Every structure is written in C-alpha cells, then in structure tokens.
Amino acid sequence: MILAWMGLGLTISISQQNQIRGHQVSPNQINRIVSMAPNLTEILFALGLDNEIVGVTISSDYPPTAKEKHKVGNFWQPNIEAIIAARPDLVVTLGFDQQINLAHRLKRMGHTCLTVRIEKIRDLFEAINTIGTAVGKQQKAHQLVSDIQTRLDNLRALVGRDQTLKVLWVVQREPLRVAGRDTFINELIEIVGGVNAIGPTIHKYPPIGAEQVIACRPDVIIEPSEQHQNTAAQLRHAMQYWGRFENVPVVTNKRIYVVPADVVSRLGPRLPSGAETVARCLRPELFEK
Amino acid sequence: MKGLLTPGILARRTALAVAVLVAVMFVCSFVGAERISLKAVFCTATDLTTVNPDHEIFVRVRLPRIILAAIVGAALACSGVTFQALLRNPLADPYILGISSGAALGATIAVLGGFDWTLWGRSPIAVFAFAGGLAAVWLVWSIGRMTGKFYVTGLLLAGVVVNAFFSAIIMFLTSIAKSQQVHATIFWLMGNMVEEDFLVLWIGTGCIASGITALFLISPQLNILSLGEDDARSIGLNTTGIQTFAFTIAAFITAVAVSLSGLIGFVGLIVPHAIRLTFGPDHRQLFPLCAIIGAAFLVGADTVARTVVAPAQLPVGIVTAIVGGPFFLVLLVKYSKKVHWYK
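Residue numbers (numbering that gives the first Met the number 0), protein chains in the order written: chain A, 0 to 288; chain B, 0 to 342.
Treat the hints as calculated values from the structure; they're not laboratory data. None of these values were measured; they are calculated from a predicted model. The beta carbon of each residue, even a glycine, is placed where N, CA and C say it ideally should be. Possibly wrong hints are sitting among the right ones.
Over the 12 angstroms line for every Cβ pair with chain B, so calculated as not near, a few chain A residues [as the list claims (entries may be wrong)]:
(1) VAL144
(2) ASP181
(3) MET238
(4) PHE286
Quick list of in silico lysine-lysine cross-link-like pairs, DSS-like style, CA-CA up to 30 angstroms [stated by the list, open to error]:
(5) LYS203/A x LYS333/B
(6) LYS66/A x LYS119/A
(7) LYS70/A x LYS139/A
(8) LYS177/B x LYS165/A
(9) LYS165/A x LYS106/A
(10) LYS177/B x LYS106/A
(11) LYS253/A x LYS165/A
(12) LYS119/A x LYS177/B
(13) LYS177/B x LYS70/A
(14) LYS119/A x LYS106/A
(15) LYS203/A x LYS165/A
(16) LYS139/A x LYS165/A
To give an idea of the interface, some chain B residues facing chain A are shown, with a C-beta separation under 7 angstroms as derived from the structure [unchecked claim]:
(17) ARG12
(18) GLY31
(19) PRO52
(20) GLU55
(21) ILE56
(22) TYR150
(23) HIS182
(24) GLU195
(25) TRP201
(26) SER209
(27) THR212
(28) ALA311
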C-alpha cells in the first residue's frame with residue numbers, strides 16, 4: 000500500500016513537471032523587476048530603472064521613491080506570495096544562503112532570478128555589470144562603475160598616503176563585535192588611508208574583549224548608527240561606554256564617531272559617499288575648507 | 000469523561016474535528032499577505048502564456064503551505080501523545096528525547112557545510128536534520144535501555160543531557176560561523192514553513208499518515224501501559240515490544256515533521272493535553288482527535304505567522320508558543336480538577 004502511494008505520487012509529480020517550464024526572458028522584455036536587498040534596490044535605481052522596479056524589501060529606503068514601492072518582505076524573511084503578486088519577470092537576489100534558497104523556490108515555479116554575490120568592492124562592480132547586462136543597460140552600468148571608481152580614486156588622492164590611522168570599526172557594543180580584515184569595511188578603511196586596528200581573524204566580524212581594545216591601540220573608533228535612531232543619542236551612549244577605557248588615547252582624544260549606517264554598511268552605488276564619510280572621521284582637517 | 004468510549008461517540012467526535020479542520024483550512028487559504036479572489040483563482044486561463052498571479056499564489060504557495068502545516072501539526076501532536084504515554088510524564092513532548100537538538104545539530108552542520116546538492120528534492124538541511132534527529136533519539140534510547148529497570152527515568156535524564164550537550168555544540172558552531180549562516184540557522188530553529196513540492200508533500204503525508212495509523216492500532220495497548228509498566232506486564236502485555244514499536248514510530252514521524260519544517264515547539268505538548276483535558280485520556284480517541292486538531296491548530300498558527308507582520312513573516316514557532324501557552328493554561332485551570340494525571 001505504501002509503495003502504491005509513493006508510485007502514485009511520483010507519477011502525478013512527473014506529469015506535473017512536464018507542464019511547467021521555466022521560460023527565458025530576453026533583456027528587452029524585462030519590465031517588472033523585484034529587488035531582494037536594499038543595495039540591489041539602489042543599484043537598480045542608479046541604472047535608471049525607476050519604473051521597472053515593482054517590488055523591494057522593507058528596509059529599502061533609498062532613494063526616497065523606493066519607500067513607495069510594493070514591499071515583498073524583508074531580507075531574511077522574504078514573502079513569496081508578495082513577490083509573485085508583483086508579477087515580476089526578473090527577481091534579483093543576493094548570494095546569501097537564505098536568498099539562494101528563495102531563488103531556487105522561485106525558479107521551480109518558472110520565475111527568472113538573477114543572483115549576485117556582493118561581498119567586496121570588486122564584487123560590486125561585477126554585480127552592477129551583471130545586472131546591467133541582464134536588463135539591457137550595459138552602457139549605463141559601465142558608466143556607473145567608472146563613476147564610482149573615479150570618485151574613489153579622487154578620494155584616495157585627496158587623503159594621500161602619508162598618514163595611516165588605526166581604525167576600530169564597532170558593529171555592536173554589547174557584546175563587542177568589530178569589523179575584521181576580510182570585509183568590505185576593511186577595504187573602505189584602506190581607501191581613505193586608514194588601517195584596521197584588528198589583525199587577521201577567523202571571524203569576519205570578530206567578537207573581541209576589552210583586552211584587545213586596549214592592546215590594539217586604535218586612533219579612531221567608528222560606529223555605524225543603528226537605523227532610524229537618533230545619532231546624537233547614540234554618540235552620547237558611545238562616549239559613555241568607551242569612557243571606561245579612560246587611558247586609551249582614542250578616548251582621551253575623543254576620536255569616536257557615529258556615522259549613518261545605510262551609507263557606510265550598504266555596498267551599493269553610494270559607496271563613494273560612504274568612503275567620504277569615513278574620510279571625514281579620519282582626516283577632518285582635509286574637509287574643513 | 001462521560002462514561003465509556005463507544006464507536007459512536009468516537010465517530011461523532013472525529014466528524015466534528017474533521018469539520019473544524021476543513022473550516023480552518025478553508026478560511027486560512029483565503030487569508031494571506033496578498034488578497035486573492037476566489038474567482039480569479041479558478042478562472043484558469045486556457046492559454047498558459049498569461050500569468051495569473053492569483054492562481055499561482057493559491058495553488059503553488061498557499062495550498063502547499065497549508066497542507067504542510069496540517070501534516071506537521073498532526074505528526075507532532077500524535078508523537079506528543081505517544082511520548083506522554085510511554086514516559087508517563089505530562090511534560091513529555093516530541094522533542095524530549097533529543098530529536099530536536101539532534102535535528103538542529105544536523106541542520107547547523109548542513110548550513111555551515113554549505114552543501115550544494117539535493118536528495119529527492121530535499122535540501123541538505125532537511126536530510127541532515129532527519130538523520131540527526133533519528134541518530135540522537137537512537138542514542139538516547141540505547142542509553143536509556145542500559146539503565147535497566149527504571150529506564151523511564153534513565154531515558155528522560157539521557158534525553159535532557161543529550162539535548163544540553165548537542166545544544167552546546169550548536170552554540171559553538173554558530174559562534175564560529177559567518178553571520179549570514181547564523182541567521183539561516185536561527186530561522187530554521189524557530190520553525191520554517193515554506194511551500195514544498197508536490198512530491199515532498201505527498202511522501203510526507205504518506206509517512207505521517209501510516210505512522211499515525213500504526214499508533215492508532217496499538218492504542219489499546221498504550222491504554223494498558225499508562226496504568227504502569229508492572230501492571231501491564233502482569234496482565235500479559237509484551238511491554239518491551241509495544242514500547243519499542245511506539246517509540247520508533249513516534250520518533251520517525253517527528254523526524255519527518257522536523258525535516259519538513261524545522262523545530263516547531265508547543266504543538267506536541269498542548270494539543271494532546273487540550274484533547275485529554277476536554278475528552279478524556281483514552282488513546283483510541285486521542286490519536287485521531289489529536290491528529291486532526293493538531294493539524295487545524297498549526298494551520299491556524301501558520302496563517303497568523305504569515306500575515307500578522309505582513310509583508311514580512313514570523314517563524315511559526317513563535318506563534319504556536321504565544322497563542323498556545325495562554326490557551327493551554329486556561330484549559331489546565333478549568334479541567335485539571337476533573338482528571339487524573341499519570342502517576
């Protein structure tokens with residue numbers, strides 16, 4: 000009886016599979032795009048696809064018009080019903096486990112998905128070009144990439160190489176967690192002439208103890224703000240927290256900064272603005288004029 | 000509670016429960032993040048080129064998910080009944096003998112390993128969770144048997160220790176994992192319902208339905224066992240055989256449920272108790288009623304999970320605990336004076 004049940008299931012499922020076929024969509028036919036991450040939304044908008052975007056994640060808040068788009072759940076808990084209801088002909092996802100899984104599920108239903116992995120700055124350029132090709136906007140994508148590169152080069156030239164400040168990039172205070180070497184934050188710090196105060200670690204974002212904070216002797220501490228939070232209040236809290244390390248120079252010199260998280264933590268087209276924000280923390284004197 | 004259980008009463012109660020389940024499933028299939036119209040769903044366009052999102056959402060997302068919730072709910076509730084009867088402990092639930100932590104460890108290893116294959120359409124997480132859950136319960140079972148005469152206590156203690164030990168390993172693994180992998184694991188651990196392929200649901204239903212049927216067939220023996228092992232043996236029951244059989248079946252359907260949807264707590268604890276408190280402790284009616292009401296409960300809880308913070312979703316385990324806990328306490332206070340707990 001059990002075997003008969005299994006056999007019946009197999010037959011139905013095979014006959015069903017023959018009916019459903021994924022259809023390939025050519026770049027010119029793409030009129031409805033769903034973006035599954037805030038930085039992907041920013042890339043799509045930067046490619047001038049304002050009207051083609053029909054769905055974004057809840058945390059996609061830039062550019063401001065993104066907030067008015069149909070919401071398809073958040074990055075970690077996407078809502079597949081909302082995605083299908085948007086009738087997309089292209090769903091762009093990031094190469095994270097959860098999102099790859101989502102892409103698999105959508106593909107099984109015959110939807111077209113594009114998965115890009117954006118972990119380092121190099122990946123960003125590649126992803127912009129891949130997305131540009133998929134939607135038939137190669138020219139615009141090349142333009143966007145070279146714009147970003149030029150602005151980063153200008154910034155590099157501005158800060159020069161004569162001074163290297165040690166930066167501790169705090170992603171979370173309790174328990175203390177900082178950005179390690181294998182992150183794009185590390186690249187960002189190096190572009191603006193800094194160096195990560197923490198050496199190579201197993202973790203991407205290693206948890207560290209008070210001992211390491213003192214031992215690594217940072218010149219600057221940077222905290223990305225928690226979203227939608229009062230930056231001034233967070234800075235006050237940060238000062239209070241770091242006050243316990245009263246003999247560490249960074250605290251006595253008050254070189255602690257809170258920067259807006261969406262600009263610096265989102266690897267997207269606003270990367271140069273993010274880099275500039277960090278540069279302003281490291282070398283405020285260069286921007287005073 | 001009211002007199003003896005006759006086939007007539009059982010049939011009436013089962014019919015009532017089936018009616019509740021059908022009503023819940025019907026209502027829940029029209030509640031969701033996206034409003035869909037019944038008319039649009041069934042007006043399947045003759046040409047397959049035009050996309051009909053209403054039909055697609057209903058048939059390919061919502062219905063599979065409701066069926067999945069139903070079979071998982073039924074499996075967990077019946078497995079809970081079995082463990083409570085065998086361990087003669089009202090606190091027992093399907094996860095008490097290490098299945099949860101074994102499955103969780105399996106899932107964590109699968110996430111960290113980043114495997115990229117599928118086995119009959121199942122992801123590595125599901126396969127590892129299934130294997131991990133069964134391995135853990137086998138380990139606990141063997142240790143429990145070794146403790147001899149008082150093996151119920153031995154089993155419980157072994158279950159607690161294995162759970163704690165595996166949890167520690169999971170903590171260790173997640174603490175050295177990449178943050179994105181940790182996220183994936185955490186959502187799995189809180190119960191992860193997604194729409195599944197037809198074949199997966201079909202086979203899952205087959206496994207769970209045959210498991211529940213097998214448990215139903217031995218329910219008279221379980222009734223005797225719940226009087227106490229010595230009494231049962233003295234009237235000529237092969238206690239070891241029945242226990243082994245019931246344990247195996249209950250562990251199997253729990254492992255199937257866990258591999259389908261992650262760890263969903265509370266269903267296996269509150270549904271059996273709720274049924275027992277309202278209708279009495281006879282296992283011949285506990286299994287059918289728990290299967291049906293467990294299914295209805297999880298379908299309802301999952302509908303809340305997918306709509307309450309729409310367009311985002313909650314892990315269903317949160318909803319089962321929040322909704323189930325207070326409801327269960329009310330039942331407990333109201334009915335517990337009238338029934339006898341296992342001694």
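What hints, given by number in increasing order, does this structure fail? The structure breaks hints 2, 5, 9, 16, 17, 22, 24 and 27; every other hint is satisfied.
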